[in-house]
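The whole structure should be built from the sequences, with the hints applied where relevant.
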Amino acid sequence: MLTYVVRRILATVPVMVVVALFVFSLLYIAPGDPAAVIAGDQATPADVARIRMSLGLDRPFLIRFSEWFWQILHGDLGTSIFTNLPVATMIMQRAEPTLSLMTVTLALAVSVAVPIGVVAAWKADTLIDRAIMAFAVLGFSVPVFVVGYLLAYVFALELDWLPVQGYTPMSEGPWPWFQNLILPALALGCVYIALIARITRAAMLEVLQQDFIRTARAKGVGQTGILFVHALKNAAVPIVTVIGIGVALLIGGAVVTETVFAIPGIGRLTVDAILRRDYPVIQGIVLMFSFVYVLVNLAIDLLYTVLDPRIRY
Amino acid sequence: MTDATITTAPDLIAAAPELPDVLPPVKVRRGVVGFARRHPAIAIGGALVLAMVFIAVFAPYLGTVDPTALAPTRRTREPSAAFWFGTDMLGRDIYSRVLYGARVSLTVGFSVALLASLVGLIIGLVSGFVRWSDGIIMRVMDGMMSIPPILLAIALMALTRGSVGNVITAITIAEIPRVSRLVRSVVLSLREQPYVDAAIAAGTRTPMIILRHILPNTIAPMTVQATYVCASAMIVEAILSFIGAGTPPTIPSWGNIMAEGRALWQVKPYIVFFPAVFLSLTVLAVNLLGDGLRDALDPRLAKRL
Numbered sequence: 230m231l232t233y234v235v236r237r238i239l240a241t242v243p244v245m246v247v248v249a250l251f252v253f254s255l256l257y258i259a260p261g262d263p264a265a266v267i268a269g270d271q272a273t274p275a276d277v278a279r280i281r282m283s284l285g286l287d288r289p290f291l292i293r294f295s296e297w298f299w300q301i302l303h304g305d306l307g308t309s310i311f312t313n314l315p316v317a318t319m320i321m322q323r324a325e326p327t328l329s330l331m332t333v334t335l336a337l338a339v340s341v342a343v344p345i346g347v348v349a350a351w352k353a354d355t356l357i358d359r360a361i362m363a364f365a366v367l368g369f370s371v372p373v374f375v376v377g378y379l380l381a382y383v384f385a386l387e388l389d390w391l392p393v394q395g396y397t398p399m400s401e402g403p404w405p406w407f408q409n410l411i412l413p414a415l416a417l418g419c420v421y422i423a424l425i426a427r428i429t430r431a432a433m434l435e436v437l438q439q440d441f442i443r444t445a446r447a448k449g450v451g452q453t454g455i456l457f458v459h460a461l462k463n464a465a466v467p468i469v470t471v472i473g474i475g476v477a478l479l480i481g482g483a484v485v486t487e488t489v490f491a492i493p494g495i496g497r498l499t500v501d502a503i504l505r506r507d508y509p510v511i512q513g514i515v516l517m518f519s520f521v522y523v524l525v526n527l528a529i530d531l532l533y534t535v536l537d538p539r540i541r542y
Numbered sequence: 043m044t045d046a047t048i049t050t051a052p053d054l055i056a057a058a059p060e061l062p063d064v065l066p067p068v069k070v071r072r073g074v075v076g077f078a079r080r081h082p083a084i085a086i087g088g089a090l091v092l093a094m095v096f097i098a099v100f101a102p103y104l105g106t107v108d109p110t111a112l113a114p115t116r117r118t119r120e121p122s123a124a125f126w127f128g129t130d131m132l133g134r135d136i137y138s139r140v141l142y143g144a145r146v147s148l149t150v151g152f153s154v155a156l157l158a159s160l161v162g163l164i165i166g167l168v169s170g171f172v173r174w175s176d177g178i179i180m181r182v183m184d185g186m187m188s189i190p191p192i193l194l195a196i197a198l199m200a201l202t203r204g205s206v207g208n209v210i211t212a213i214t215i216a217e218i219p220r221v222s223r224l225v226r227s228v229v230l231s232l233r234e235q236p237y238v239d240a241a242i243a244a245g246t247r248t249p250m251i252i253l254r255h256i257l258p259n260t261i262a263p264m265t266v267q268a269t270y271v272c273a274s275a276m277i278v279e280a281i282l283s284f285i286g287a288g289t290p291p292t293i294p295s296w297g298n299i300m301a302e303g304r305a306l307w308q309v310k311p312y313i314v315f316f317p318a319v320f321l322s323l324t325v326l327a328v329n330l331l332g333d334g335l336r337d338a339l340d341p342r343l344a345k346r347l
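Those protein sequence lines, which keep their order, are chains Y and C. Counting in the working numbering, the first sequence runs from 230 upward without gaps. Counting in the working numbering, the second sequence runs from 43 upward without gaps.
Don't take each hint at face value.
[To be verified] Computed footprint of chain C on chain Y; a stretch qualifies when at least three of its residues, placed anywhere within it, have a C-beta under 8 Å from a C-beta of chain C:
(1) 320 to 328
(2) 361 to 375
(3) 382 to 396
(4) 407 to 416
(5) 459 to 466
(6) 495 to 504
Rather than coming from a laboratory, the hints here were simulated on the basis of the structure. All C-beta atoms, glycine included, are put in the ideal place defined by N, C-alpha and C.
This is the structure in structure tokens:
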């Protein structure tokens, strides 16, 4: 068991090195001259040369990569071209809203998606199942900013139940904080709910056909007990896996959701960095999010042994 | 001496129930109607996709005006008989912009689906057949898959000039790992099939095995995957354009129109509304088509999902 944990943790190291190498080499894969693009249309040749130097494009790839990687290992994600602040500091300043949005979305999505997925599997091939699955296809198809505008229009502008846009820090009380996050979390959670609900239904259908479910029914366990205790426990592994994989959707969606709802988080920082062509900031954000994603999936892999004691390594 | 036992045997066999001479024919409706009945998702999705292709191709003849023509005197007009979808901040006709916008979305969606499938197919085949390369290729793919696709596309777009071609390249790179993984898994399972063993034993060369035994079997899962890649590419294109990292503002695309309507959406929601509806409908159509194809091509998988 312990060897498995250690081995699994060590296995993420090469993945992270590959991620870093890939993110770094984007500068070299990109067609055209990145330095000229970042400098903008009005740049003088001197500006372009200065940016090329600051990106390290004037030195050999491997030397530049090892220097850069060494900096990353020391928590230095580089310096913004625009503000001259360390990228790590800029990300930390914007971390709270994004973290809040993602946590609320995750909690909301899981607490909605798992029950409806279970119900869809229980009522398989009935009208309820069809309706839930139709909703899932819709959730996959309607882009996050469309859902965002729709929700904001209906619940904030027309009904005036919730604030339209903005973010209230946690320090100003949990209710104002939560109130501002309901609509963005719903918008961001839509795809995620669709994904989890679909997998939950599929996993449950498989488990519900097994012998121990019949045994449980025969010994008089109620429908709720069968669904949520006997079956769901055994369907947990694929569900938890897809929750982990879906975090990539949350990260990508957060950039858009923060733009729609004017939330001053890391997503907003990304969009500002795109407009200013502040590449070090974009690179730092991509790297940071990718590492978070790898770590989330590592945690989920380690969770398997807890969820399903039959899994032995 | 064994005659007696033999003659009694027929008596023990129960007579089979008599079957009617002619079995009642199973009614199978042929033609378009029959197909639509059996595969409603393919029919509805396919029809919607075709409608969008029609709109994109014939945009100039569908009552549109120049989608980039500025008219400062009639800015932000509400939808009316003259301007079906209203006008934007610069007085451009949104109906025309939305119809021309279909071109960008469909071009990006179809191109990415095609390119990612081709490159993914090659990488997957190499990875599945050239054993020493498998470890390296899959580690690289794992690394690429650890980068959320939208962020990867954003990072690439930040380094290139905004153009439809660069948007296609960026999204294709982000989608390749998923296709490669799928092809590789299909190849690995097919390699264990007895008929592939038989072909190897008979001395068939590897290229011939790939061509005759592997490729035909990858077509079905790849087609399904390609529709999902197409849907996801259209969403990513719209997102990139919406946050200002995609199609240049001079070309009307659904993401661009929504980006321009962003500042005014509380007072002029229709600017965002129409491109949003078209985008959602198109993605929905492609997803329906994909689900329908999956059910039709792989009934085993359809039962599970």
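Each hint tested on the structure:
1. For the stretch 320 to 328 of chain Y, the assignment as covered by chain C is violated, since 0 residues bring a beta-carbon within under 8 Å of that chain's beta-carbons and 3 are needed.
2. Counting residues of the stretch 361 to 375 of chain Y whose beta carbon lies closer than 8 Å to any beta carbon of chain C gives 9, which reaches the threshold of three, so the coverage claim holds.
3. Counting residues of the stretch 382 to 396 of chain Y whose CB lies closer than 8 Å to any CB of chain C gives 3, which reaches the minimum of 3, so the coverage claim holds.
4. Here's how the stretch 407 to 416 of chain Y fares: 0 of its residues keep a CB closer than 8 Å to some CB of chain C, so the rule of at least three is not met and the hint is violated.
5. Check on the stretch 459 to 466 of chain Y: 0 of its residues sit with their Cβ under 8 Å from a Cβ of chain C, so the three-residue criterion for coverage is violated.
6. A stretch counts as covered by a chain when three or more of its residues have a beta carbon under 8 Å from one of that chain; for the stretch 495 to 504 of chain Y and chain C the count is 5, and the coverage holds.
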